[in-house]
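Next come the chains, spelled out residue by residue.
Protein chains: 2
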Amino acid sequence: MKKAVILLSGGLDSSTVLYYARARGFQPSCLVFDYGQRHRVELKRAAAIARQAGCPCRIVTIRLPWGASALLDKRIGLPKRKAVDPREIPVTYVPARNIIFLSFAASFAEAIGARAIFIGANAIDYSGYPDCRPEFFRAFQQALDRGLRSGVQKKTIKIYAPLLRKTKAQIIRMGLKLKVPYQRTWSCYSGGRRPCGACDSCLLRRRGFEETGLKDPLLVTRTPGHPSHV
Amino acid sequence: MKKAVILLSGGLDSSTVLYYARARGFQPSCLVFDYGQRHRVELKRAAAIARQAGCPCRIVTIRLPWGASALLDKRIGLPKRKAVDPREIPVTYVPARNIIFLSFAASFAEAIGARAIFIGANAIDYSGYPDCRPEFFRAFQQALDRGLRSGVQKKTIKIYAPLLRKTKAQIIRMGLKLKVPYQRTWSCYSGGRRPCGACDSCLLRRRGFEETGLKDPLLVTRTPGHPSHV
Numbered sequence: 001m002k003k004a005v006i007l008l009s010g011g012l013d014s015s016t017v018l019y020y021a022r023a024r025g026f027q028p029s030c031l032v033f034d035y036g037q038r039h040r041v042e043l044k045r046a047a048a049i050a051r052q053a054g055c056p057c058r059i060v061t062i063r064l065p066w067g068a069s070a071l072l073d074k075r076i077g078l079p080k081r082k083a084v085d086p087r088e089i090p091v092t093y094v095p096a097r098n099i100i101f102l103s104f105a106a107s108f109a110e111a112i113g114a115r116a117i118f119i120g121a122n123a124i125d126y127s128g129y130p131d132c133r134p135e136f137f138r139a140f141q142q143a144l145d146r147g148l149r150s151g152v153q154k155k156t157i158k159i160y161a162p163l164l165r166k167t168k169a170q171i172i173r174m175g176l177k178l179k180v181p182y183q184r185t186w187s188c189y190s191g192g193r194r195p196c197g198a199c200d201s202c203l204l205r206r207r208g209f210e211e212t213g214l215k216d217p218l219l220v221t222r223t224p225g226h227p228s229h230v
Numbered sequence: 231m232k233k234a235v236i237l238l239s240g241g242l243d244s245s246t247v248l249y250y251a252r253a254r255g256f257q258p259s260c261l262v263f264d265y266g267q268r269h270r271v272e273l274k275r276a277a278a279i280a281r282q283a284g285c286p287c288r289i290v291t292i293r294l295p296w297g298a299s300a301l302l303d304k305r306i307g308l309p310k311r312k313a314v315d316p317r318e319i320p321v322t323y324v325p326a327r328n329i330i331f332l333s334f335a336a337s338f339a340e341a342i343g344a345r346a347i348f349i350g351a352n353a354i355d356y357s358g359y360p361d362c363r364p365e366f367f368r369a370f371q372q373a374l375d376r377g378l379r380s381g382v383q384k385k386t387i388k389i390y391a392p393l394l395r396k397t398k399a400q401i402i403r404m405g406l407k408l409k410v411p412y413q414r415t416w417s418c419y420s421g422g423r424r425p426c427g428a429c430d431s432c433l434l435r436r437r438g439f440e441e442t443g444l445k446d447p448l449l450v451t452r453t454p455g456h457p458s459h460v
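Top line first, the protein sequences correspond to chains A and B.
Under our numbering, the first sequence has 135 at position 135, and the numbering climbs by one with no breaks.
Under our numbering, the second sequence has 256 at position 26, and the numbering climbs by one with no breaks.
One or more hints might be untrue.
Ranges between beta-carbon positions, derived for each pair [stated by the list, open to error]:
(1) A:Gln52 with B:Ala253: 38 to 48 Å
(2) B:Arg311 with A:Leu178: 52 to 62 Å
(3) B:Leu406 with A:Glu88: 14 to 24 Å
Straight-line C-alpha distance at most 25 Å; calculated SDA-like pairs for lysine to any residue [to be verified]:
(4) A:Lys155 with B:Gly358
(5) B:Lys232 with A:Asp145
(6) A:Lys158 with A:Arg207
(7) B:Lys384 with A:Gly128
(8) A:Lys155 with B:Pro364
(9) A:Lys154 with B:Ala369
(10) A:Lys177 with A:Gln142
In short, the hints are calculated from the structure, not lab data.
Here a beta-carbon is modelled for each residue, glycine too, at the ideal position from N, C-alpha and C.
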């Protein structure tokens with residue numbers, strides 16, 4: 001089987017990508033980042049999702065002590081109930097986050113002999129982060145091709161972002177077919193024990209489920225140890 | 231003054247770059263990586279060099295537990311007294327090291343409002359690492375221009391690699407003019423208390439000093455607390 005590194009956050013998109021890669025015949029190894037995010041509850045969710053999918057999971061701890069993001073610094077308020085405008089980059093932007101995550105993924109992939117990295121980035125129903133756009137991934141792919149031993153040896157490690165041009169509703173429909181356990185995923189940025197329902201990430205998720213006409217199983221299912229939010 | 235992030239390892243090249251950036255009117259902030267390297271003695275050297283240069287210094291701790299490098303895994307032997315062949319990539323290559331370091335540097339630079347990153351990479355007297363070559367830096371620059379908020383806002387964070395096309399002897403001559411305290415720098419990979427004189431990095435350094443006709447002050451000067459190696 002073809003090895004692949006999956007950047008898994010425990011959210012809806014990356015969990016869908018994990019199941020997608022598995023369905024495509026890849027043997028996934030998940031890479032999860034504890035980067036000081038306020039919603040660190042996602043770490044446990046990511047580990048649980050990897051376990052349910054039967055895939056190994058590594059948690060990498062990094063710190064970005066320079067902050068400059070509402071996800072890292074609780075003194076910066078999260079935008080609430082504000083329509084997401086992808087032309088604006090919100091305060092939840094973390095400088096170079098995907099650049100850092102992909103760099104570690106490339107190191108890990110090269111070390112284990114994987115030729116694929118999967119990332120759940122999306123440039124349609126998204127928060128406007130520049131490192132989620134196709135032009136960024138194309139450029140970063142070039143950097144890997146030139147900066148990695150495997151690239152120089154023509155054994156390219158390829159970045160796959162299969163959700164890049166899908167709407168959130170399309171992602172959810174695809175994930176449901178793949179039996180992604182959405183009740184275990186976590187999207188909320190707020191850092192509370194229940195989804196706040198008002199941050200960018202909750203809004204995008206809610207709109208996605210509304211468009212499918214389905215209920216978000218996270219909000220209706222009781223997960224052991226996690227009170228439901230109804 | 232123009233802020234700049236300097237990737238400082240405590241070695242000869244990056245220390246020269248720190249002094250070069252300062253002389254060019256930049257206000258340097260040093261970024262040093264504890265990445266599990268066997269020669270962690272370089273961390274103290276880097277901090278001391280930054281202090282002597284009067285520049286702030288941050289040490290970032292990361293781990294690459296997948297190893298796959300003689301610098302990370304002591305079970306992989308270091309090549310000794312072997313002429314460096316830049317067409318071969320040696321076992322001291324760390325997968326994606328400069329990619330990771332530059333990613334953090336970009337995050338830090340964007341957070342503090344710096345528009346410059348300096349790296350002491352060299353593609354002449356070097357070990358053949360692909361992420362030290364001009365084509366890699368060009369590609370990574372494109373990735374930053376497309377993936378960072380500052381890039382999208384046309385406030386490019388530029389990567390400077392002023393040593394890229396210099397010989398080691400040229401670097402040393404330049405550094406001596408800039409009064410780089412070479413007696414405090416550390417190049418050896420071995421992880422001992424004295425330079426081994428036989429690893430890639432020691433060989434490149436020695437050849438550089440030989441070409442200048444000067445003695446390496448690290449090998450003749452007694453640094454407090456560090457026995458000299460003569």
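* Okay, which hints does this one fail, numbers in order? -> Per hint list: 1, 3, 5, 6 and 10 violated.
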